[in-house]
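Residues per chain, in single letters:
2 protein chains.
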Amino acid sequence: MKKFLIVLLFFFPSFKIHSQNIDKELFELSKKIVRTSLIDQKGYKWLEELCKIGSRLTGSENSYRAIEWAKQKMIEAGFDSVWLQPVMVPNWKRGNLEEAKIIKSKKYKGRKLNITAFGGSIGTDKKGITGKIIVVHDFNELKEKKDLVKGRIVLFNRPLDYGEVEPFAGYGGAVNQRTRGAIEAAKFGAISVIVRSITTKHDNVPHTGVMYYEDTIPKIPSVAIGYKDADFLTNALKDEPDLEVNIKLSCKTYPDTISYNVIGEIRGREFPDEVMIVGGHFDSWDKGCGAHDDGGGCIQSMEVLDLIKRLEIKPKRTIRCVLFIDEEQRQSGAIEYAKFAATSSQKHIAAIEADRGVFTPRGFYADTDSLTLNKLQSFLPYLSLAKVDWIRKGGSGVDVSKIKNTKALFGYVPDSQRYMDVHHSDNDTFDTVHPREFQLGSAAMTILCLLISELGI
Amino acid sequence: MKKFLIVLLFFFPSFKIHSQNIDKELFELSKKIVRTSLIDQKGYKWLEELCKIGSRLTGSENSYRAIEWAKQKMIEAGFDSVWLQPVMVPNWKRGNLEEAKIIKSKKYKGRKLNITAFGGSIGTDKKGITGKIIVVHDFNELKEKKDLVKGRIVLFNRPLDYGEVEPFAGYGGAVNQRTRGAIEAAKFGAISVIVRSITTKHDNVPHTGVMYYEDTIPKIPSVAIGYKDADFLTNALKDEPDLEVNIKLSCKTYPDTISYNVIGEIRGREFPDEVMIVGGHFDSWDKGCGAHDDGGGCIQSMEVLDLIKRLEIKPKRTIRCVLFIDEEQRQSGAIEYAKFAATSSQKHIAAIEADRGVFTPRGFYADTDSLTLNKLQSFLPYLSLAKVDWIRKGGSGVDVSKIKNTKALFGYVPDSQRYMDVHHSDNDTFDTVHPREFQLGSAAMTILCLLISELGI
Numbered sequence: 329m330k331k332f333l334i335v336l337l338f339f340f341p342s343f344k345i346h347s348q349n350i351d352k353e354l355f356e357l358s359k360k361i362v363r364t365s366l367i368d369q370k371g372y373k374w375l376e377e378l379c380k381i382g383s384r385l386t387g388s389e390n391s392y393r394a395i396e397w398a399k400q401k402m403i404e405a406g407f408d409s410v411w412l413q414p415v416m417v418p419n420w421k422r423g424n425l426e427e428a429k430i431i432k433s434k435k436y437k438g439r440k441l442n443i444t445a446f447g448g449s450i451g452t453d454k455k456g457i458t459g460k461i462i463v464v465h466d467f468n469e470l471k472e473k474k475d476l477v478k479g480r481i482v483l484f485n486r487p488l489d490y491g492e493v494e495p496f497a498g499y500g501g502a503v504n505q506r507t508r509g510a511i512e513a514a515k516f517g518a519i520s521v522i523v524r525s526i527t528t529k530h531d532n533v534p535h536t537g538v539m540y541y542e543d544t545i546p547k548i549p550s551v552a553i554g555y556k557d558a559d560f561l562t563n564a565l566k567d568e569p570d571l572e573v574n575i576k577l578s579c580k581t582y583p584d585t586i587s588y589n590v591i592g593e594i595r596g597r598e599f600p601d602e603v604m605i606v607g608g609h610f611d612s613w614d615k616g617c618g619a620h621d622d623g624g625g626c627i628q629s630m631e632v633l634d635l636i637k638r639l640e641i642k643p644k645r646t647i648r649c650v651l652f653i654d655e656e657q658r659q660s661g662a663i664e665y666a667k668f669a670a671t672s673s674q675k676h677i678a679a680i681e682a683d684r685g686v687f688t689p690r691g692f693y694a695d696t697d698s699l700t701l702n703k704l705q706s707f708l709p710y711l712s713l714a715k716v717d718w719i720r721k722g723g724s725g726v727d728v729s730k731i732k733n734t735k736a737l738f739g740y741v742p743d744s745q746r747y748m749d750v751h752h753s754d755n756d757t758f759d760t761v762h763p764r765e766f767q768l769g770s771a772a773m774t775i776l777c778l779l780i781s782e783l784g785i
Numbered sequence: 329m330k331k332f333l334i335v336l337l338f339f340f341p342s343f344k345i346h347s348q349n350i351d352k353e354l355f356e357l358s359k360k361i362v363r364t365s366l367i368d369q370k371g372y373k374w375l376e377e378l379c380k381i382g383s384r385l386t387g388s389e390n391s392y393r394a395i396e397w398a399k400q401k402m403i404e405a406g407f408d409s410v411w412l413q414p415v416m417v418p419n420w421k422r423g424n425l426e427e428a429k430i431i432k433s434k435k436y437k438g439r440k441l442n443i444t445a446f447g448g449s450i451g452t453d454k455k456g457i458t459g460k461i462i463v464v465h466d467f468n469e470l471k472e473k474k475d476l477v478k479g480r481i482v483l484f485n486r487p488l489d490y491g492e493v494e495p496f497a498g499y500g501g502a503v504n505q506r507t508r509g510a511i512e513a514a515k516f517g518a519i520s521v522i523v524r525s526i527t528t529k530h531d532n533v534p535h536t537g538v539m540y541y542e543d544t545i546p547k548i549p550s551v552a553i554g555y556k557d558a559d560f561l562t563n564a565l566k567d568e569p570d571l572e573v574n575i576k577l578s579c580k581t582y583p584d585t586i587s588y589n590v591i592g593e594i595r596g597r598e599f600p601d602e603v604m605i606v607g608g609h610f611d612s613w614d615k616g617c618g619a620h621d622d623g624g625g626c627i628q629s630m631e632v633l634d635l636i637k638r639l640e641i642k643p644k645r646t647i648r649c650v651l652f653i654d655e656e657q658r659q660s661g662a663i664e665y666a667k668f669a670a671t672s673s674q675k676h677i678a679a680i681e682a683d684r685g686v687f688t689p690r691g692f693y694a695d696t697d698s699l700t701l702n703k704l705q706s707f708l709p710y711l712s713l714a715k716v717d718w719i720r721k722g723g724s725g726v727d728v729s730k731i732k733n734t735k736a737l738f739g740y741v742p743d744s745q746r747y748m749d750v751h752h753s754d755n756d757t758f759d760t761v762h763p764r765e766f767q768l769g770s771a772a773m774t775i776l777c778l779l780i781s782e783l784g785i
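Top to bottom, those sequences are chains A and B.
Position in the first sequence (from 1) plus 328 gives the number in my numbering.
Position in the second sequence (from 1) plus 328 gives the number in my numbering.
One should not assume that every hint holds.
Under the rule of at most 25 Å between Cα atoms (straight-line distance), these lysine-lysine pairs were calculated in the DSS-like manner [to be verified]: (1) A:529 - B:380; (2) B:515 - B:478; (3) B:529 - A:370; (4) B:380 - A:360; (5) B:556 - A:370; (6) A:373 - A:399.
Source of the hints: derived by calculation from the structure; they are not laboratory data.
The structure displayed is predicted, hence computed values, not measured ones.
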């Protein structure tokens with residue numbers, strides 16, 4: 329398109345700001361937040377630095393370097409207090425060996441398969457595990473075929489439903505293969521499971537994520553396979569149902585180890601004991617650099633406080649950024665923080681979680697009562713400046729939802745269509761983050777924090 | 329993020345569909361449209377084919393191949409009628425020579441500058457144009473410095489305002505340098521103009537676009553310079569204000585030539601003479617492949633009809649797809665179609681223009697009266713299935729706005745944050761189009777066409 333944009337601008341937005349009770353000063357400040365965020369791109373530059381450190385699996389060396397880095401950044405930014413909250417976290421390590429190969433087949437012998445172990449999986453010995461494959465699509469089919477499962481590797485082959493408009497819904501419909509596949513398959517004597525990667529991108533990059541065992545059921549190795557190799561293997565098995573695959577993994581769960589939530593705050597000028605939280609989770613999987621999941625959400629949360637400092641705003645209430653460690657496995661960081669919150673003399677009035685990627689803002693989910701939701705809707709004229717179109721009832725996030733007795737818990741909702749392309753995989757890199765989309769998210773959350781700080785909830 | 333997605337889904341959306349007057353059959357059909365569009369990805373595959381043909385500058389060989397291709401696709405898809413509407417279009421050609429170089433300088437002699445001529449610019453002779461540079465940021469500054477302009481090359485150096493939340497607004501604030509820069513500079517005796525690329529991506533890819541001359545004012549060559557090279561040149565000039573640049577261009581405007589709007593329709597089963605239009609512009613600049621601008625919008629418009637055929641819907645009213653030729657320069661295709669519409673015995677009830685890129689849907693602008701807008705709002709529960717959050721008063725688009733006496737003209741509005749990265753440049757390629765985002769746009773417009781066809785307006 330080319331011109332007559334003047335016409336477009338003339339009609340532009342949306343909210344009749346005169347017909348509502350708008351605080352002019354806060355409205356102007358909100359505009360300034362958006363402009364500053366877009367122009368300075370400070371958070372975006374921070375994210376680049378963080379991504380250079382690398383992925384942040386709990387207990388990994390990188391994770392400690394990143395924790396130290398974040399603490400330093402918060403200190404340099406001049407937050408009123410910065411501290412680390414210790415917590416014991418899981419300590420699973422992938423190791424160097426991760427390999428799957430077709431070893432018995434007329435046509436495909438020697439063909440490697442692109443796999444990666446799920447977080448928490450046991451490894452194999454050096455010879456690995458070898459077996460024939462049985463393909464199933466869900467736990468019902470597994471049960472129907474239970475007599476064929478013993479001694480075999482189960483290929484869970486149900487893709488994320490691409491026809492779901494909401495990729496998170498598609499993910500939710502496929503993820504039990506990853507989380508419980510090893511348990512269900514082992515019940516019938518399977519020796520390992522391979523799970524089609526849960527992704528909207530049909531490349532060959534395997535997507536990891538957490539998997540569980542149950543104490544009473546044998547533990548078997550569990551891996552993701554790239555989408556294209558899942559297709560390949562499915563077709564190969566039609567040809568040669570008896571082909572055999574060997575899987576070698578060196579991953580292992582080590583004893584829990586110490587790690588930290590990183591916390592920084594700007595104290596409220598009037599009600600320092602009323603606290604508004606904004607945060608994400610600082611751990612990631614050891615794939616890509618966890619740019620969207622959830623380095624980006626963490627940096628946006630840090631930038632909320634930094635923008636407030638940069639613009640020399642003295643908020644009425646305390647605004648605190650919490651980078652929760654270990655969301656991906658056991659939420660130990662969130663549990664630890666919630667314990668602290670429950671016993672603190674301060675009141676946690678609200679919390680925002682940013683953990684759905686860092687694409688263009690769409691809205692906020694609010695876990696709150698209807699009366700509060702109504703009040704929150706009156707914030708939309710301010711929030712729309714950062715491309716937030718709605719606040720709806722909805723879930724917040726696994727970390728902040730552990731904090732009890734708030735008036736509202738929020739989940740920040742950016743556009744989601746590209747998120748599952750990158751999620752838990754080597755695709756989750758800095759270059760998939762767009763500076764404008766990212767910076768609008770920082771701005772949106774800053775505005776929401778500011779409004780709640782100044783106007784209460 | 330990782331789990332507890334079930335919670336999220338439970339709260340999910342937004343519209344209390346029971347409290348409104350929802351047509352259950354149309355609602356189910358809308359869901360089916362979204363699913364089918366996402367899963368089949370037929371439009372996305374079409375767009376890939378189109379992009380392989382290449383860019384589609386009016387009068388170029390590629391443009392005729394693309395027109396033939398689109399006509400064939402519409403015939404193969406089984407539309408009730410498919411035809412070409414002839415129209416005379418501009419015939420500017422870039423030619424092979426396009427070069428800028430610093431030729432007089434202590435430090436920078438021989439340094440090439442990444443430039444590209446604007447559409448409509450005159451060329452130079454073989455030796456090119458050589459001159460010193462004067463830097464200005466707007467027409468006021470140009471006027472203030474008018475005594476320094478004579479015999480020089482004017483560098484218009486005002487970037488798109490990155491702090492504008494709406495990139496189209498940023499574009500609107502910078503584009504007069506491109507469209508009228510040569511006119512204003514020539515008034516004071518400039519020999520050429522160079523314009524900082526109007527873009528949100530700070531790489532070195534120059535962004536072209538249309539420029540104008542006035543008959544009474546000397547015509548001088550006008551080119552875009554890559555963002556990074558604009559920075560470079562600005563700094564170099566601080567060092568050496570008298571450095572000289574040589575520009576060589578072989579571009580030329582040839583006599584108008586014949587081209588075509590491509591039109592296909594599905595006739596209404598009940599009111600065949602009431603017509604709903606959906607369209608984009610089929611010409612592009614000769615950079616990249618015009619994937620977002622506006623190959624994507626054209627293919628989405630074709631897919632609206634194709635989805636209706638695929639799902640065996642027999643619409644009440646006629647739905648017609650128009651691929652307008654020549655939006656970028658003179659809108660001759662739109663003017664020609666509007667002439668036809670004005671004299672047709674059929675009534676054009678509404679029209680949608682898709683020409684803002686093919687990212688995730690956000691909403692529709694509607695150029696209509698308030699009463700109709702109210703009725704249109706009741707469509708939101710259906711449209712939200714394809715991620716459309718709002719219908720607001722706003723401009724439609726330069727092509728459909730030429731059609732008179734409709735009840736409503738719509739502009740389809742996808743997310744815009746990445747659009748100016750690619751606009752009118754070599755960045756506008758197929759790989760920047762995301763299949764899900766693209767397909768949701770097809771679905772959103774199909775649903776809107778269907779609702780207007782079935783429920784009237």
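Quick one, are residue 380 (chain B) and residue 360 (chain A) close enough, alpha carbons at most 25 Å? 44 Å, violated
Under the criterion that the straight-line Cα-Cα distance not exceed 25 Å, is the pair residue 529 (chain A), residue 380 (chain B) satisfied? 22 Å, holds
Just to be careful, I want the Cα atoms of residue 373 (chain A) and residue 399 (chain A) compared with a cutoff of 25 Å; is the pair within it? 16 Å, holds
So if I understand the rule, the pair passes when the alpha-carbon distance is 25 Å or less; does residue 556 (chain B) with residue 370 (chain A) pass? This hinted pair holds, its Cα atoms lying about 20 Å apart.
25 Å Cα cutoff - pair residue 515 (chain B), residue 478 (chain B): It holds: about 9 Å lies between the C-alpha atoms, which stays within 25 Å.
Could you grab the alpha-carbon distance between residue 529 (chain B) and residue 370 (chain A) and see if it respects the 25 Å cut-off? 17 Å, holds
The structure is inconsistent with hint 4 alone, although it conforms to all the rest.
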